[in-house]
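Colleague: Listed here are the chains, written in short residue letters.
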Amino acid sequence: MQDRKVLTDEQINRELLWFVFNRPTRFWVAITIAGLAFLAGITAFSIMVTFGLGVTGLNPVVAWAFLITNFVFWVGISHAGVMISAILRLTQAEWRRPVTRAAEVLTVFALATAAIFPLIHMGRPWRAYWIFPIDFARGVWPSVRSPLVWDPSAIFTYLTGSSLFVYVALIPDLAIARDRTTGFQHRLYSILCLGWRGTPMQWKMQVLAGILLSGLILPVFVSVHSIVSWDFGMSLVPNWHTTIFAPYFVIGAVHSGVSGVVTLMAFLRIFMKLENYITPDHFDALGRLLTVVATAWLYFFLLEIVYGFLTLETAETAVRDLQILKYPYNIMFILIFLNSYFIPVPLWLFKRVRRNVWLMFVTSLMVNVGMWLERFIIIVPGLLYRQPLTFVWGEYTPSLIETTLVLSSFGLVTFGFLLFSKIFPIIPIADQKEGQAVQEEIQIGKVSVPAIIRE
Amino acid sequence: MANRSILGIFRDPESTASAVDSIKQAGIGTQDFDILSGVPYPEGTFGEHGPGHKLFVFPLIGAACGFSVALLLTLGTQVSFPMVQGGKPLIAIPPMMVIMYEGTMLGAILFTVLGVIFESRLPRGEVGLYDPRITEGYIGLLISCPEDKFSTVEQALRGAGAEDIKTESSSGVHR
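If you're matching them up, the sequences are chains V and Z in order. Everything in the first sequence is counted per the numbering used here, starting at 9 for the first residue and increasing by one. Everything in the second sequence is counted per the numbering used here, starting at 1268 for the first residue and increasing by one.
Keep in mind that the hints were calculated from the coordinates and are not lab data. One thing to keep in mind: the hints can contain errors.
Here are the computed distance ranges between Cβ atoms for each label pair [what the hints assert, rightly or not]:
#	chain 1	residue 1	chain 2	residue 2	range
1	V	I339	Z	P1349	45 to 53 Å
2	V	R360	Z	M1364	48 to 56 Å
3	Z	L1339	V	T16	33 to 41 Å
4	V	A101	Z	R1391	15 to 23 Å
5	V	V370	Z	Q1352	23 to 31 Å
6	V	K359	Z	G1296	55 to 63 Å
7	Z	G1314	V	I431	33 to 41 Å
Calculated from the model, a selection of chain V residues having no Cβ within reach of chain Z, i.e. all distances over 12 Å [to be verified]:
#	residue
8	D17
9	V300
10	Y315
11	I342
12	P354
Covered, in the sense of this in silico footprint (three residues per stretch, anywhere, with C-beta under 8 Å from a C-beta of chain V), are these stretches of chain Z [unchecked claim]:
#	region
13	1296 to 1310
14	1378 to 1387
A virtual CB, placed ideally from N, CA and C, is assigned to each residue, including glycine.
With the hints as extra help, turn the sequences into a complete structure.
Modeller: As structure tokens, this is what we get:
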């Protein structure tokens, strides 16, 4: 990390709270676009509720498709946020400071959006309470044997944990905002910061909370995507019931999630003009991490295909045949390879690419296009049952309603993220100041290099 | 004799540490002063007493509570709605473990957050004697001292290089 800049506390406060206290036109433009996309989704959902699931492309054979693909995709995106934050906190990596909160907030909004999609997919979301043990009147309880009951428990734990993680780390920054506001804003920040004063005990608790919550959330992060994979793995659908689904899904989630964080960091640097905080060094580090993660993902991706062919079961090979050779899935298959590995990874091997914010932005977006398609070709071809001696021969074409819902989910996450960054500092101010307080330039021979002094 | 609070505002950790030495010499105990800062300094930077805590107990209690609730829920729902599936035993332990794991972790997380808030002595209705410059890089030395030591402490703070001094009495905050 050679790019560390020397900034004063006052400058950090001013620059990181600028977006909170000012109303730039670009913010209104961005939030309006995101809001309109979200509204389109609400309209599509209203049409679906009014006319029923018939307005989607779903049918008795292909009962899971676009909406569940999108659910898995957003759960995946939600993963790397807290994972990156937690690992960097636990290892006390200095470059974590500007990255953690944005990553955690991405987790919260991506996960909340993911949680909405199974409800929409149900067609009758008002019956969602059936999966919770609250129906005392009739004495009908959810079956704990069903992965569809495990899923809400995991997502609820992860969402609660991630939200609290964000809040606890936000308390010192809320106090900074409190000290610089008047009127309603002052009252709001005063309530939210709980009367923080910055005593040694309060700081000590902050440090310990970061470590403890990171340690607790990391296993939950692994369990959530494992459980999402068991939604598929516990079924008898060909192509789904493989034993490697849990680690395969987890590594896929990390791949798409870390890419999501890169996209977000580039967005923050360009859109919020945070060049002093998010530097090419951060993209360099994340690019290196992505190279490793992408290669691990490729291993599992290929392993899953090989396992399918290894058994030579008719149903399995029929699905592979569909995925790899038949239009339009073969095109998607090629796009997955190219977008998620063979274009970005060779590029990330070059330092110049890793330190180029725009190139990292584009390549990280490509990864997520590929990862969305990856989830799609796991889900839909398996359900088409296009194999000899089958009594069903599925067809699936996504409807405009489903496409709108999927696109609107991107609007919803962007809307939530922008709204959060308008109310709260998106880069941890106190953390940033701590980084300044413990940094030092040391002279080694003829060069002066940044160093970190800490306990 | 009633105690009064006094807050010295310092520009850097060195002068704050020197002020702490001075007030200790003036007879102020480690439990009678607190440091207020905008960034976490390493423990003992100002010569303050290292705070003790019991935070690590909270996640353990939380985990035990979460595990118990999840066990109760998973057992209770299966017993209350006895539906044999696939000829398997009514109480299915492997799937219960998934929910019990999540329950345990949820309990641990919730109690950790409660513990952090409790040990931080939050929430506080009133911030009390405080200065917004603390979140701008200044360091506050907040002392609670008896009336008869008040002027000695004030002089010690000024002598150590306090940029500003605020006091609190029954009539409010004075500068």
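Colleague: Now tell me, hint by hint, if it's right for this structure.
Modeller: Checked hints:
1. V/I339 <-> Z/P1349: 45 to 53 Å: holds, 50 Å
2. V/R360 <-> Z/M1364: 48 to 56 Å: Given range 48 to 56 Å: holds, Cβ gap about 49 Å.
3. Z/L1339 <-> V/T16: 33 to 41 Å: violated, 55 Å
4. V/A101 <-> Z/R1391: 15 to 23 Å: Once the Cβ atoms are compared, 33 Å apart, the range 15 to 23 Å for Z/R1391 and V/A101 is violated.
5. V/V370 <-> Z/Q1352: 23 to 31 Å: Cβ of V/V370 to Cβ of Z/Q1352: about 49 Å, so the range 23 to 31 Å is violated.
6. V/K359 <-> Z/G1296: 55 to 63 Å: The hinted range 55 to 63 Å holds for V/K359 and Z/G1296, with Cβ atoms some 56 Å apart.
7. Z/G1314 <-> V/I431: 33 to 41 Å: About 39 Å separates the Cβ atoms of Z/G1314 and V/I431, which means 33 to 41 Å holds.
8. D17: At roughly 3 Å from the nearest Cβ of chain Z, V/D17 sits no farther out than 12 Å, so the non-interface label is violated.
9. V300: Holds: least Cβ distance 27 Å, greater than 12 Å.
10. Y315: Holds, because the least Cβ-Cβ distance between V/Y315 and chain Z comes to about 23 Å, which exceeds 12 Å.
11. I342: holds, 36 Å
12. P354: It holds; V/P354 is separated from chain Z by about 39 Å at its closest Cβ, greater than 12 Å.
13. 1296 to 1310: holds (count 10)
14. 1378 to 1387: holds (count 6)
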